[in-house]
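Participant: Sequences listed follow chains A and B, in order. Each residue of the first sequence is one higher than the one before, counting from -8 in my numbering. Each residue of the second sequence is one higher than the one before, counting from 11 in my numbering.
In short, the hints are calculated from the structure, not lab data. We put the CB at the ideal spot given by N, CA and C, even for glycine.
Short derived list, chain B residues pointing at chain A, Cβ under 7 Å:
id	residue
1	G39
2	L57
3	L59
4	H60
5	Y62
6	R90
7	R107
8	L108
9	D427
10	Y428
11	G487
12	E489
13	A515
Here are some chain A residues pointing at chain B (derived, C-beta under 7 Å):
id	residue
14	N4
15	G78
16	T80
Here's the letter readout for the chains.
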Amino acid sequence: MSRRFTPKVVSANHLIEGDAVWLTEDDRWTRDMAQAELIEDEAVAQLRLLFAKGQPSVVVGAELVDAAKGSDGPVPTHFREAFRTNGPTNYVLGKRAEGLKPRGHIPGQEADNV
Amino acid sequence: MYKYNEFDEGFVRSRVAQFRGQVERRIDGSLTEDEFRPLRLMNGLYLQLHAYMLRVAVPYGTLRPDQMRQLAYIAERWDRGYGHFTTRQNIQFNWPRLKDVPDILEALADVGMHAIQTSGNCVRNVTSDHFAAAADDEIADPRPIAELLRQWSTDHPEFQFLPRKFKIAVTGSPNDRAVTKSHDIGLRMIRNAAGEPGFEVLVGGGLGRTPMLAQVIRDFLPQEDLLPYVEAILGAYNLKGRRDNKYKARIKITVFENGLDAFKADVEERFARLRSQWSGVDQDILAQIEDHFAPPAFRNAPVDGFEAFRAENPVFRAWTDTNLHTHKVEGYAIVSISLKKHGATPGDATADQMRVMADLAERYGHGELRVSHEQNIILPHVHKSDLPAVWAALREAELATANIGLVSDIIACPGMDYCALATARSIPIAQQIATRFDELKVEHEVGPLKIKISGCINACGHHHVGHIGILGLDKAGVESYQVTLGGDGTETAAIGEKMGPGFSADEIVGAIERLVLGYLEIRRDEEETFLDAFRRLGPEPFKGFLYGAKETADAA
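Chain B extracted, bound-state conformation (with noise of 0.2 Å):
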């Protein structure tokens, strides 16, 4: 896992001092809050309804043991004991105090971490894989291509004042656990015919009120082009995107604007003007930073024992059959923790809990821990052999719900519990769904489900690419949820399709048992998913198993 070199831990702690005067200066009355809240913003320091939010990076997604403790750390001495996980792979704190910041801001630099560019019209936290560098399915681990993205990146001088923010995932696997589609760049790594290593480029996905999936940009770009290529598309758009409107400032409606192919080709022709300005140094830093994530020490061990274990212990054989993931090397396996236990907030996690999987990961797991967009933990690499004890010990923490991509897996955004832009609020809606088919005892039976939640159009909970995605709206002063089915956000992506009327905070998680119990008597077989039959089927008999047979036909 990369490791800050001298450069990085000065301008990280430059920062931290550069902020630490800063809100003195607030404090003191010498800066007014026009004046202070760009530069709070730029550290990743959110006004919120009932208090600051400091939202830190975790880049890509990877954390070491000791980041995690350190986490734990801020969360019980300057928050109120836990933190919450977020959507980009981010963590949020939900209470801190301005005074507190420079403090959490050195404690996060004494390992390695920091807020900077997790807010602001900035590229942000580069996202990707959850399972890289241990998934089977994958060609090449992305991690060393996001770092390079994140170093060229942070305090780019010519992107700190882009038309809007700006988010780029990079996945190595064919199967997009990224949601790459649904980002400003989204870049897939593949090989052309003659085995080089290269990407797909895709530009101008997002989700917020005009959802839109990328388009691809580039067949193949060899990897050598990548940071001229990325500058070009981002110096297309720093020129081309609008300023006027906020609304319409994303790169997604300046690619829909101008036009693909026209965007296409001022970039083409920036790229070409760009790329002998670089001089290869850039290949240079990817090989150190490629020895950093240098895989870990795989060990060669029986399994007999996690196979004795499980077939005589039904709970375990349930979690692992549906917290487990394939692993590249024989005898490991990719562990998610579930941070969805029924009738807890998506993605939240106590500092005990961080601190048990922090041990988790440094014990057992090569010490590796992941963030993944699902606000889920994962240990990328354990053992087999170790599978019992991991589970005993998240199993004591509260840990070990087993119930990965299934009907309770909910992402939420904070929502009107938390974020000063939410309509309605969230956290409520999937505590109580996860409660709700907790009791019904079907989520087995129902299989592979994504819901997601988000509290308002900005879709931080990415309900247009959840297989039913919920979205909260404030309706004359009440809140209503409106649903959207057959959204997905992996490489067969596809943007949900509204259904009817909204539904009561009351009215929402009845129609949406409806519509999970409706599915499961209208499936060919077992083994067709919801979303599997929502393709085959079309919306119509979903919409009538959540409004009835008759609101439908009055509806249309």
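Looking at chain A on its own, in the form it has when it is part of the complex (with noise of 0.2 Å):
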């Protein structure tokens, strides 16, 4: 029997920038990951991935991530991802420098958004 499947949302880096983005349901790519689509069936995950991987003159490495709901849209559920809409931890750069909430449980950090 396979694993069961948890959800996921779409992921990868921006070509040009470089920086994390994710695939939001209406076939945009967001830097802020509140707006993803969270994906809780495994056969629209991987349409929603081939989708994202026929995009590559707009990003790179398209790939699924684990992710859970959160009060107002998805979560990581690992502290890479959370990492990845934050920024580095030792500056204001990236995500945060953006404006942008941090997501997920950043090691270190009181305040949570899960």
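The two chains are supplied separately, each in an independent frame; assemble them into the complex guided by the hints.
Facilitator: Take a look at the structure:
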């Protein structure tokens, strides 16, 4: 038996900027994971991934990443993905510098958004 | 210092133009990512967690002031105002946009720099002693040899697709500051009984998931045999090295699996065949290269002012105690500029700081800067009478931390704050340890102690050769830090021993504090360093400090 499917988002890096982006339900790429499409069906996930991989001149390295349902959109379940919504922890650069709220649990930071 | 000739200049410019075309074709969709990826890697361009990263080669860690200023300019114009100096004496920019990279490479070419072969399965930047041509213990300047190897290996048609990356380090001093034993090839410049120059050749060292110390493959290799011999090693590795498994592809595994004797026999047989094909033109080129590295016009001046200033200024005195190294010329000192201010990111320098260092090198340092593998910047030739002025300027730029070789002079890889391969963060751990020991005010009492932190098993932070090594791992979705002790990257090289279970991010700083304060209790006297005490006493007492006596018994 295959393992039970866990919810996913489609994530990638933007071709020009190289920063983390997520696929939305209406086929846009967003820099705010809150706007990402949370996919709860495996077949849909594969279709959405194929759709993402069909945009090689917009994004690089599209993949399915584990996520969970949060109060205001998907949140990461692993710290690596939480860092991708946050930027590096040593400087306020990347996502945080763009005014985006980090999502999920950033170890060492008080405010979680899970 | 080496200055590009017409050939170098033409080659680098043509590569910039070539990459510009490749980037254009990637952006307009004519190249897929699969096609483009190897092309960008050949030019040092990675895609990391939050952005692209451009790794710029600093050959054997040597920089001119105009080059350092250009790095500052690049940091400000196309990046976020800073750069990260690495454990292989390079610099990385963490935020370039793909479409700007050709312009960055053009700006590098303007000052005789590039990012070629800073990635990929080829011969990488040849590293060297950061005190080269200045240290009093040196036999000869290793940089002409490193430059010869750079010229020979750049775009070498046979060695662009090796089984895996290949790193060479050269030291001209018996005191190994270039970590030669952890390189694919380590070269130690020596002289034979007749006084002729040559090398002890080491092969098969490496860190990563299978740490190994290099073994001696040739006790004495005459200087003029260097390139044919290195070619023989690379040729043997190119055929025998494994291509079926990325994790078994480095030369250390090739040497280990074949045995040193069999590998050496292959190398020697190839060498015998190749030697006669070398006409000696390489030695003519080496002689030309050596002219580029003529020593500066050292001056003879009194140092009374320095001594007087030192006597009356305890903060300056503390800095001179830790951040200076003996120079071979009387009246001079080697200055290490710490990029490890307590709480700062190890190896990072802002554009302004880069300019300050460039200005100081120009004004007081005979126009030379070095990047050390310990992620600091060196002014190799400063007359002692200029030290008060240098120190004052460094202080103003927050670059005068007196901690070289101490607890807070930590090597840390970028870790999961930047790196796509990382399994945990390194930088915050380094920041917290440095901050904590600054609060405790004990690091001068503790003395020489090297802490090295890697954020994954690939060991860019050299944790295996840290007196205290810290390896960040992902343990069931939580950052976990494993401690190794007793590692050493010098001529008495050793791989650190793994202690017990890992510590969480919240626990690791306290564990290191217990360990270091515990060492103070059991050292024989103030002269016995942490490493010496570990070697004398073995791991047990240190495990006790880390885990408490009971847990150690349980773990055993």
